[in-house]
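In short: position in the sequence shown from 1, add 105, done, that's my numbering.
One should not assume that every hint holds.
Think about it this way: if two alpha-carbon atoms lie no more than 25 Å apart in a straight line, the pair counts; the simulated DSS-like pairs of lysine-lysine are [said to hold, decoys possible]:
no., residue 1, residue 2
1, Lys745, Lys830
2, Lys390, Lys437
3, Lys398, Lys335
4, Lys447, Lys335
5, Lys230, Lys335
6, Lys650, Lys670
7, Lys670, Lys716
8, Lys447, Lys513
9, Lys437, Lys415
10, Lys398, Lys437
11, Lys440, Lys507
12, Lys507, Lys447
13, Lys904, Lys949
14, Lys625, Lys695
15, Lys415, Lys390
The set of hints was computed from the structure by calculation and includes no laboratory data. Predicted model, so just to flag it, every value in this text is computed and none were measured.
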Amino acid sequence: MGKKILLIMAIILGTMLAFAAAVPFLFGDKLKMIAEKELNEQLTAKSTFKDVSISLFRNFPKVSVGLEKLYIGGPGNFSSDTLLVADRVDIAINLFSLLGSGPVKVNNVVFNKPSIHLMVNEMGKVNWDIIKSTEETGAADSSASEVSVELNRYELIDGKLRYDDVQADMYMDLSHLNHKGSGNFTADNFLLETATTAGEASFTYAGIPYLARTKTTIDAAIDVNLPQNKYSFAKAKAIINELKIDGDGFFQLVNDSTYNMDIVFKTPSNEFRDILSLVPAIYQKDFKDLTTKGTAAFEGFVRGIYAPGKIPAYSVNAIIKDGFFQYPDLPKPVKDINLQLKATNVDGQPDNTIIDISNATLKFGEEPFSFRVLYKNPETIQFIDAAAKGNLDLGTIGQFVKLEEGTKLSGQVKADISGKGNLNVVLKQQRGPFQANGFFELSNLLYASREFPQPIRNTSATILVSNTDGIADNTVVKIPAGHAEFGTDKIDFSLLLTHPATDPNFDVSAKGGFQLDRAKQFYTFEPGTSIDGHLDADIRIRGKKSYVDQEKYDAIQSSGKVVVKDLIYKTPEYQDGFLLKNAVLTLAPKDIEISNANGNFMQTNFNGNGKIHNAIGYALKDEPLSGTMNLKAGKVDLNKWMGTTPAGTKTSQATTKPFEVPANIRFNISTDIDEVVYDNVSYKAVKGGLTIANETISLDNLTMQALDGTMNLNGSYSTRLNKAKPAIRLAFQLSNLDVQKTFNAFNTVKFLMPIGEFITGKLSSGLTVYGILGEEMMPDLGSLSGNGMILLIEGFLSKFKPLEVLADKLKIESLQNISFKDVKQYFEFVNGKVLVKPFTVKVKDIDMEIGGMHGFDQSLEYIINLKVPRSKLGTGANQVVDGLVGELTKKGIPVKLGETVNLKVKMGGSIKSPTLSYNLQDATESLATEMKDLVRDLAMEQKVKADSALGVAKQAAKDSLEAIREKAVQEAKKKVKEQIFGRDSTSAKDTLMARDTSSGQAPKKASDAAKGLIKDILRKKKPAVDTTQKQQ
């Protein structure tokens, strides 16, 4: 019998284990689908999770569903912020609800390592309002939900909670947060048992830190009344560091912006030690070993309505009597600590708030210090009556409290200062009652620590405040002669401030030096960023605040000099740094003069001088900064400057982003650079002007030597309309350049002049290019348009496949290798097509007229008119000519050949695979006439591109719409007119008219035949690209 029972139990247990193991496979997809659906249907914010894990053991007998890496963003204006992220959310589900056809019942929820960020913006909108309303989800849909929440327990484990309320100027930060609550959440009324601990809790209100990294524990049993949205608690207990607080009362949500409350709190004990634990510097330094004496009490209430324009009435009282503390290993105590604080508001009107700190005293040894503050009517007059008086020998501080290891502190502090009156007259710069008198004196300060390896030493300053008649505007603040030393650097300074209420007048002077490496003691730089060098300054600045408000910066009197030596600034992007070896900045009322500046950047030595205008306006109000500079430099490697890689170099670097021209800057720069290297080309003796304005760099008559010749460059580079795709406009004048070097140096030349690969010799050119730059700061070929002229001064053409095919077909060997001199050709280009206007070449006794079009894809559409002496015709040529004569004779067209044969060759295909066709009949037709359709088509494409560019300009510059439109239209009309009726087209038209007059209809028929042939060729072209869409 026993064996049977054991067997049955084993079978049952095995079945249960098998079922438990099968649960993830049986219900995994279903639960994942439900989770995704519920999150999408119930939340207005974006939500994601990485995966779903399922276990029957974690919360047996419930099924535990884990959402891995849960993310919930914010709604609407908070969409770029994160509301919640959690490593895992464990949800306990009723097993039988999972097996049935009804909704899945959720009982427990546990958030593992959640990070929650609750936000309230300046308009009072919150980022946790993410549940869709019934109008969004539909009432019927909500009743048909696949999830039923029957919660009885929830928990947060090792979490972070941040509350950031901009409207109320309130901030709370909890870390290492553990919180759990349990109760019957399905009932309208239930008891919620909660327990909360936070490793560190910080709370700031109105810029005042009330709690700073305190250890906090709260236990509370909350009576929840859901119909009334009321939460009551009795005997709630909180421990903040060692301060214990008991609380009773309730909190009620009346509506979205109104809350009702009645909360009473007090400390159950009256030990000074408890309230002393709230001081972080003391609590975190051997607090358990501290000897303390004295009493302290803390109590108060918050009662009434919180709503827009209204706060609850409250009273907070704190009293400290005869406080005393001493570390066992330090010789002297801090004693006679007394404080009486009352913060009250009797009726909930914010302006009736009163904060009164009276009888505040303490002694460091035998040195007394006392202060008092009375502050009331914070919404209106902001009345304040405050005073502080005492002496402190900083050298004895280490005898009372523990300083950080390695800290040195000495010096004297003396203060006797008071102020009384309406603070708002100072803040609003108005006349009114406010009186301040007294002094604050710091003498012979020495401070050094691990964070300050270069000590502050021999530092002294006296701040004098005087007012004889109680009128705020007659207050005078002086620092007659301040002195500070940072390491070996010494600085003397002074300050005079008058008329602080109406129009603060300031007179500031400083003289001394500062080692910039010591700035890291006062400022935390980004990782990998550093600054070093030395500044020597002797400056004085005088003016009024009204000058700044009214932008009368010229009225601010600045004088003096700043001398910079060996300044080096490094960042992760520029690890070699920017070195300013020397520079002198001379301050004047209207500008800053820069002289004797020299340094190195990206291995480029430079020197210069110039002037900067409106530096104060630029620094204070981001107004335009302007100036002039004269710059001389050695070798500039733009490949390093711009992060680009020379062509043909293998690299795995990310795509170079275009250089963004700064806004609000207008500079005229005169340059004289020994050498500029860009890509694989060296440009020497670069001289000319640069203008930076309107997010555009303009080039003004830049001259240089390159590619065995000279270059002159005008144009612009602009990121004003599109930061990602800069617009370029360049006008080149090239003289005596080596053809091969030019071809190999510029990709653009390879597309505009593919024949250059097969030419050796010299060229001069005038070229205008419009377009945009794409990746790696290289031209987007599809965007390029322009025109130009090339003069082939002298040279030799060989191994050019189209001519080799022609020479072989006609058996004219002299066409394979052509020498030339002073051959001039004009061209235009747009949308990847280059139109070459007719030009002539003489090869020995053969006259050639050439014109047509080629594409950036190396496609060909050319016509060549040949005038070949019969004596030069080879066997192949005679066969071609005889064949053409025979065809014309069959058509009844008599042909009589003279000593010179006029042969028309139509060249198509591509440079590597050309096709040829021949014609005798219309060989006398002008190429300009034959190319009329090509010219018209290209002109229309240029007009479309101009109109497209105009549309972009309209969108980007609405403020000057009419001016831009008129200018662009006129330029487009002028350009199209020049392209259609250019110098070659005009002469061609005159020639055609003369032929029609003298020869009757025959030339017209020949022209029609040529047009038909060209149209047949053009029909093979792809449809034109929609440039408007492309540019958009």
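> Looking back at the hints listed earlier, which ones does the structure fail to meet?
Replying inline: 3, 4, 6, 8, 9, 12, 14 and 15
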